[in-house]
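Novice: As a plain string of letters, each chain reads:
Number of protein chains: 4
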Amino acid sequence: MNANPDGRGYAPDKAAYIKRLRRIEGQVRGLQRMIDEDTYCIDVLTQISAVTKALQGVAVGLVEQHVKHCVVNAATNDPNHLDDMVGEATKAIARLLRS
Amino acid sequence: MNANPDGRGYAPDKAAYIKRLRRIEGQVRGLQRMIDEDTYCIDVLTQISAVTKALQGVAVGLVEQHVKHCVVNAATNDPNHLDDMVGEATKAIARLLRS
Amino acid sequence: MNANPDGRGYAPDKAAYIKRLRRIEGQVRGLQRMIDEDTYCIDVLTQISAVTKALQGVAVGLVEQHVKHCVVNAATNDPNHLDDMVGEATKAIARLLRS
Amino acid sequence: MNANPDGRGYAPDKAAYIKRLRRIEGQVRGLQRMIDEDTYCIDVLTQISAVTKALQGVAVGLVEQHVKHCVVNAATNDPNHLDDMVGEATKAIARLLRS
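Residue numbers (my numbering), protein chains in the order written: chain A, 2 to 100; chain B, 2 to 100; chain C, 2 to 100; chain D, 2 to 100.
Calculated from the structure, these hints are not laboratory results. Since the model is a prediction, treat every value here as computed from it, not as a measurement. Any given hint could be a false lead.
Because identical chains share one entry, a pair is satisfied inside a single copy or across any pair of copies.
Okay, derived cross-link-like pairs now, DSBU-like style, lysine-lysine, Cα gap no bigger than 30 Å in a straight line [to be verified]: (1) K92 to K69; (2) K54 to K69; (3) K54 to K92; (4) K15 to K54; (5) K92 to K20.
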């Protein structure tokens, strides 16, 4: 009945990820308020660094769980697709490094 | 009557910055939805890269206007503080590079 | 006689990696020359971006081969250490993101 | 008598920059040795992060001196080119952020 019975690599921590992203959403709203209230440029930049770091933290967590579950799963059950999966994960990491 | 008559370096583009940050806020909400709907890990990571890039774009714009207005202003009107201002801006850039 | 009979994940491409790193070494020597010859600051910065990108490219390749060989190997032959290995790889990716 | 009367922003620290870049060159040679000696992937990645961080440190120093000298100089002596110079510096920072 469930199209995705196993869920994703991050399934066990879904609630925690959504909570972290909600906090990040609040930080982005805080940035709007800072601009609206003419906060000093450098303080806005410091806060953007904090939000970026928080987002990257979420990304690193997702990468970890993707490798631990999805990639390792493919290694066992679907070795034909393993190279594709690792390649895909690597491209995602490369995109994070460039963003 | 205005506590900050000169405004900040980004003052002329305040509305545009707030609009960009509102779009980023929507993207962060989109990330929560993606997690909630069990979107494939790699697609979530791709979207996180896009949000990070958008945030960095805002930061680069703020740095540009800070240098163009605040730093250049200090060079003319407050040379004693110029070194401090440039040092402070450089530290903000270093933080962005590490975030 | 060989302390590391299996080699590392990157073993099949050792020569290619060393060649890439030799080119990067040449680029770093080029940077010294640029500074020595009073090259315009912005042109030095552009070249530093190119070297950083080349280094990150090497890192991304190593991550890919580490996951494809070492992590997948642990999944099959040493499942007790799998979590440690993925955690260790994730920490390395996090360090790259912050560097 | 001075081949470069204006000098670059980094002129007063030329020797220090060349020394830092020489150390980075040595670190890149160290990376080649690590690969050649089959060092564990994660240890190579850790070292790449250190080299990248050292390179970014040089870049941040150059940005600081470029703004302090070249940009501020343009503000005083060549205001027509100020916007171009700040735009150019900002683009260099954006490239660093993406590298």
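Novice: For K15 vs K54, is the C-alpha pair at or below 30 Å within one copy, between two copies, both, or neither?
Specialist: Answer is both: 20 Å inside a copy and 24 Å across each meet the 30 Å cutoff.
Novice: Which holds for K54 with K92 at a C-alpha limit of 30 Å: within a copy, between copies, both or neither?
Specialist: Both: 20 Å inside a copy, 14 Å across copies.
Novice: State whether the alpha carbon distance between K92 and K20 is at most 30 Å within one copy, between copies, both, or neither.
Specialist: This pair counts as both: shortest intra-copy Cα distance 27 Å, inter-copy 22 Å.
Novice: With identical chains, the pair K92 and K69 could be close in the same copy or across copies; at 30 Å between alpha carbons, which is it: within, between, both, or neither?
Specialist: Classified as both; 17 Å inside a copy, 13 Å across copies.
Novice: Up to 30 Å between alpha-carbons, please classify K54 paired with K69: within, between, both or neither.
Specialist: both (22 Å within a copy, 27 Å between copies)
Comparing the model with each earlier hint shows no violations; every hint is respected.
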